[in-house]
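Chemist: Can you make the complete structure from the sequences, with help from the hints?
Protein chains in written order, with our numbering: chain A, 37 to 252; chain B, 99 to 561; chain C, 947 to 1960.
Keep in mind the hints are simulated off the structure, nothing from the lab.
Where hints are given, some of them may not hold.
Here are the computed distance ranges between Cβ atoms for each label pair [as the list claims (entries may be wrong)]:
no.: 1; chain 1: A; residue 1: 85; chain 2: C; residue 2: 1049; range: 56 to 66 Å
no.: 2; chain 1: C; residue 1: 1714; chain 2: B; residue 2: 271; range: 52 to 62 Å
no.: 3; chain 1: C; residue 1: 1895; chain 2: A; residue 2: 101; range: 35 to 45 Å
no.: 4; chain 1: B; residue 1: 271; chain 2: C; residue 2: 1654; range: 48 to 58 Å
Cβ atoms here follow ideal geometry from the backbone N, Cα and C, with glycine treated the same way.
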Amino acid sequence: MPQVFHRSMNTISRVSLVGAVLLIGGLGYLGWAFNQSPYYTNAKLQLEQPVPFSHKHHTMDDGIDCRYCHTSVEKSSFAGIPPTETCMTCHSQIWTNASMLEPVRASYATGQSLEWARVNALPDFVYFNHSIHVKKGIGCTTCHGQLGEMPITWKENTLYMRWCIDCHKHPEQYVRRREDVFKAVYHPPANQVEMGRQLVREYKIRTFTNCETCHR
Amino acid sequence: MDPENDNRTAVVETEEVIAPGHTYASVSDRVTDMVLTWPIGIRWAAGLALALGLLFVLNLALGVVFTIGVGVWGINIPVGWGFAITNFVWWIGIGHAGTLISAFLLLMRQQWRTSINRFAEAMTIFAVACAGMFPLAHMGRPWLFYWLLPYPDTMGTWPQFRSPLVWDVFAVSTYLTVSLVFWYTGLLPDLATLRDRAKSRAVKIIYGFASLGWRGSASHWSRYEVASLLLAGLSTPLVVSVHTVVSFDFTIAIIPGWHSTIFPPYFVAGAIYSGFAMVLTLAIPLRKYYHLEDFVTMKHLDFMGKVMLATGLVVAYSYVMEAFMAFYSGNQYERYMMLNRMTGPYAVTFWTLIFCNLVGPQVLWIRKFRQSPWLLFGVSLVVQTGMWLERFVIIITGLHRDFIPSSWGMFYPTRWDYMTFLGTLGLFFTLFYLFIRVMPMIAIHELRDLVHKKQHEAKAESH
Amino acid sequence: MTDSKGNNLNLVQLGPQADSARDRFWRSLDERAGNEAYQKSLAQEFPAGRSLKNPAGLNRRDLLKLMGASAGLAGLTACTKLPPEKIVPYVRQPEEFVPGIPLFYATAMPFGGVGRGLLVESHLGRPTKVEGNPGHPGSLGGADVFGQASVLTLYDPDRSQVPYHLGHVSAWEEFIADFGNALVNERATGGAGLRILTGTITSPTLADQMKSVLSRFPSARWHQYEPCGRHNAREGARLAFGQYVNTVYRFDKADVILSLDSDVFFAEPGSLRYARDFANHRRVSGPDSSMSRLYAIESTPSITGSQADHRIPLRSSDIEAVARSVAAGLGLQAGNAAPLPKEVSADVVAAIVRDLQSHKGSSLVVVGEQQPAAVHALAHAMNHALGNTGQTVIFTEPLEASATDEIKSLKDLVSDMDSGHVHTLLILGSNPAYNAPADVPFVAALNKVDFRVHLGLYSDETADLCHWHIPEAHYLESWGDVRNYDGSVSIVQPLIAPLYGGKTLLEVLALVQGQASVSPHDMVRGYWQQQSGGRSAQPAGASFESFWETSLNNGWLEGTAPPAKQVTPSADTAAKSSAQDVQGLEVVLRPDPSVWDGSLANNAWLMELPRPFSKLTWDNTLLVSPATAARLGLQREDVVKLQIEGREVEAPVMVLPGQAANSLTLHLGYGRTRAGGVGNGVGANAYPIRTSDAPWIATGVTASKTGGKHHLVTTQNHHLIDQKSTKVEEESENAFDRGLVRVGTLADYKQRPDFAQDPPEESTEAPSMYFPYHYTQANSWGMSIDLNSCIGCNACIVACYAENNISVVGKDEVDNGRDMQWIRVDTYFRGDLDNPEAYHELMLCQHCENAPCEYVCPVGATVHSPEGLNLMVYNRCVGTRYCSNNCPYKVRRFNFKLYSDWDTPSLFPLRNPDVTVRSRGVMEKCTYCVQRIMEAKIAADRDETVIADGQIQTACQQTCPTEAIVFGNLNDPESKVSKRKAQTRDYGLLRDLNVRPRTTYLARLRNPNPEIKG
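Modeler: Structural data, given as structure tokens:
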């Protein structure tokens, strides 16, 4: 009776066994990679904005404090996006005819709001409160990245739940002194953990990881 | 030769586990011929068409469920689980006979398993496949089913291992995997046989791939023996574990009628009960239409009848104890539940199930009945109905009137409930029809082994 | 659907912008002439709740899609990439706005013309939630179902949105022009042909406007008609005192109360205050506490009656006889007293009389609006005789700016219209085409008016018959003022600019005087500025500016409450009797506990609200007593035709325990044809059998089965009594066997203060294999519900709707047992069917310590918080429903389909931004308003303060008129909730299951008169 298969089949079948394992592993890795990719998370992505606003310029060069524009960051869950009025307090004096600022002047004249593309968005079932984080010594840059070095604003982190939980479990690795909270560029000191532990005690930081902290 | 269309009328019923006068060749011929024949039989085609029709119904029903939501079913608050979970438990139960026969009886060295284990195992796998659908379909957000699996996700969360539903995931998937491997290992030699006997090259190649290069060498056989023994040892505890875990879905809850320690043994017995019923439901027509009286003999039917009788009695005992405990416990909720079962709005289903599972099968005490195929067939259907109703009664009557009377309600199945159920029957039979067409529904090599043993016995006597 | 002529109609065409104006116009008239086909067709167009999501009617293409879906689902994962969002900041941000922090404004809701003081929560300018105004005398923080639900009406997509002229979309400016022309002739005749019809008006500013209108048009007339106003009360006062007065009760001083057919805790303008005072006066803190005693004689179970220590069900038309014999007992010349009805024994009357007499000055007789004027007068006489006047009964000037006999007023108007004297008719904020009495041919007469204008929230039945329809501004959109139950004045201040350019009555009246553009704000403010010069409206010294600011802040005007008025009933008051026929069957018409007179019929929250006792939703029914039902051979859902003097109405029967024999109750407000998508065609319209001389009680009724059936949907599915209506159903029996409702008399309680406690073996705490929770943190939340205070008014349910974005599911889904209310009012009956005791029990998530729902969830979507909350994480839920199955209280609710409305833009601003809007396939339940807890906790943590007791209120607690619900911190022994739980009346439901609920109940106490046995 003639052989159905050529001898090489033996090798091929053995190899394909190994191949199958590798393939499955590979697919798994691809899935994970996609999930972390900027394409999926929008992290590090520079969005189209009506005005190419530079945090770098305003915070570092001009030395404007975060709270000058984000007025409600210490009072409310929402940090607050400045009304056109706020922009115009300065830009009615300087760069008064910079073409770049035309949309701002237009908005001020017509009363039509500027429409910024949202950079840091959370799902609607997540309730984040700026005021309490700021109060407990979590700096702007901890989540939003080194804004003082961003010519155009992008989302620094994935904002995945795992990422939030990480800090909620180990605040000492991220907390900073209250006076440093609004530094637009901040690099943690060498003794971060040691200082962190001390601040956690000082600021009475409790590690909330139970659901109602964010989901209501 | 097309086994369906050859008209040998004289059927010789035998008391042996295999009719006398069979040789290695003859058994191989009879079994392989059922697969390697052309054109396909008209009856088979008709059956498959019907099954496919039902499968289509399933597709539609699931489509509606997935797009509109489980609200298309009759479930509500308080009755959060309806047909879906009933079907799930029922199918899982049916899925028990196969492994029991092939593994348990193998370890018990029961010769009569040989000619029924193959399709019983197939049945098991298909049944578990059907069962597996329901936990998925009954979820409010089925597209998140994978949250029940432990894997490192972006949320830093894990499943909740205290929940019986998570145990289900493991129990059922393990059971499916092991049964599948066991079944396929058993198939290897026969697939090789088919490969060798196939006429066309294409068929040779297909079966060649399927048989994973089985050459039937002595080393193959010895490894094969070891493997199947190991797998048998592995799957035997599973037979008990799976339905025990399924019963936990209810016993872990505090609902009167669910919260009962008797459930695990009771469910396992029930599972085997309905499983064997299904085996009979399949075996008797197969035996008839493919003239397998020589291999699936009266002895087989007789034995299976006995197994059903035995497990049926265990189930009966459980029913009695359940009722007794409800009253003996003095717990008013349990007591009300039991009274409500017997006299409440769902009393009809309860008494039907009592008839189907307790009264009806008692005819099996009589040998004559055990040996009349069509009566057995009837009983097997009755038992399966009964077992389905049992799950229905447990789930519905437990839920619809529990602790706070103001929240009492009723469950009325909708057409989508029925369609989903019929649909899974479609899936099951579609798979089964395809199986009997493309795979040897009886283990050829085991039959040969059996013939071999018989000849030995014969020699021994003649000396 | 097709109309009378067989033309196809559809939803859009039902709006006035239908086909050609003329045709539309006249056709609708003959429709109003009672065209069956048309009514039916409407009924089919809007079957109750069908307007809500319903998967019915899948066509072929859908099915194919579904196939695809089911096949494709295999590959489907939860790759939910967030959609791009925009941030749109202000150009100039208002001072007081801090994004993310809500603001609260005080205002008042005019209801039946009388004000209910409210505090409204506003998120960035959108009112989202209504609360009672704690500083307001008529509210004290409580709010009722109508107030709570009003915010939904504001955003109702069916509200009329543009002016219509002859059924065509038009504009306010065009109306000004057209109306101007119409007024030209009127000016010539001094307004001889000008008539203005409104509801009851108490607003001083509006009255002032009206005065100047009438001075400008001396021959013009102003008519008022409030369909469910207080006609008998008003006439009763005139009968007794010869003048209209307003009656204010002081339940905080009343020790013995006799209620004659009165639902004083629900249906009166002062109900909220009365309920609070009554509850406080009966609040039991220990065995030494005292309770007032309430006798209720009523024809249909009311929440007031359910609080009674002695309740006597009696035909409304028999009550006068009892009242007279009580009066006689009190030594009044009670005139020709009809014989005492057999249901009431002379001993009982004697006992009541003795009880009243032994409490001179601290007793109180209250009468319901349904009773004829004579009984009201009689009550005044009795209260006078008992020396209650000035003690428990206070009289003031009438609330109405110009109190009149409104029914007569409407009749006069119609006869004028009929005789062609009326040329210009302004119908402002009322809907007489629907709710005028049947013997007042309003619709027919309306045709004879040349120029008809309708101002209303909806383009309703009346709007359809008028040349002009102008959208009315909702009270949350308007400036105004209104008098409260005690005569004090509240300012109605807007929370939002009119969504659809609606106009207020003030603006229309200004227009009549030729002032096209004067703002209501200026009118109100102007009026009070001018007032403050004269009347005592302003505390001496303070500038008007500050007075105005504080008034807006408080929600009511200091010093506007009129002083008590000294009036004495004329000697022959008691003798005056209403010669009402007391034979045979009677039908009592009542305002509906949900939709009132029908004006709220399009409010889905109210429609789906289970009515007290019957637990009925999406319908009104003929309430029949078991005995009468048996006698007439009626069963639940039988459709019955009622005939009175040739007038008839068909309604389905519901057999209700506690209903008086031979008395049938039918609620008004249903059978609307132009209410909107929710209200149209729901229930039976009772106005066709309502006559001007017997607006509430119709006697000499014949009731006959039509053989038809109408499916009724209740939330307590397993109904209160069995089909044969012979005994109270096992549902209620089991409730008492299982110790769900625990009741004792005050006397017993003084003997055995711990009567409500579980026997020790049932409250054992079995060992658990899991680690116990240690509530070492500052807070451990808990709730206590005082069954002795809960009157079952449903306000908590509606409050929960608004606070927690709960969706409405419609009649069919309620029928399937899928109502979504997080809190429910369970009602259980005890005792014999004809006069059972009824008990309300609030049921909401009990937040168990050993929560059965938690350990069965495969994904941990419902978990325990370190502060004892039983959390529900919607976004983690996969919807196995195991938690609900395992919940012994069945308080969990599941989104079986997509119930939340994601499609109607006008509803989006209604939602509470602090609560996730649930989507299909997730479980939800009471969270103890966790969003409020977290808000307070974060604030306290941020500002380094501590959360004071009572600072966090759950929505149900906040709105509860009787303070039956208390929520707070169990770790604080001084907190209200801890104190309550320390009481011996405290018990938990199903303690024997060892689930250890955090919500516990205080047993109900009754204070029966020992002289009355049984």
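Chemist: Check each numbered hint from earlier against the structure, then list the numbers of those it violates in ascending order.
Modeler: Hints 1, 2 contradicted; others consistent.
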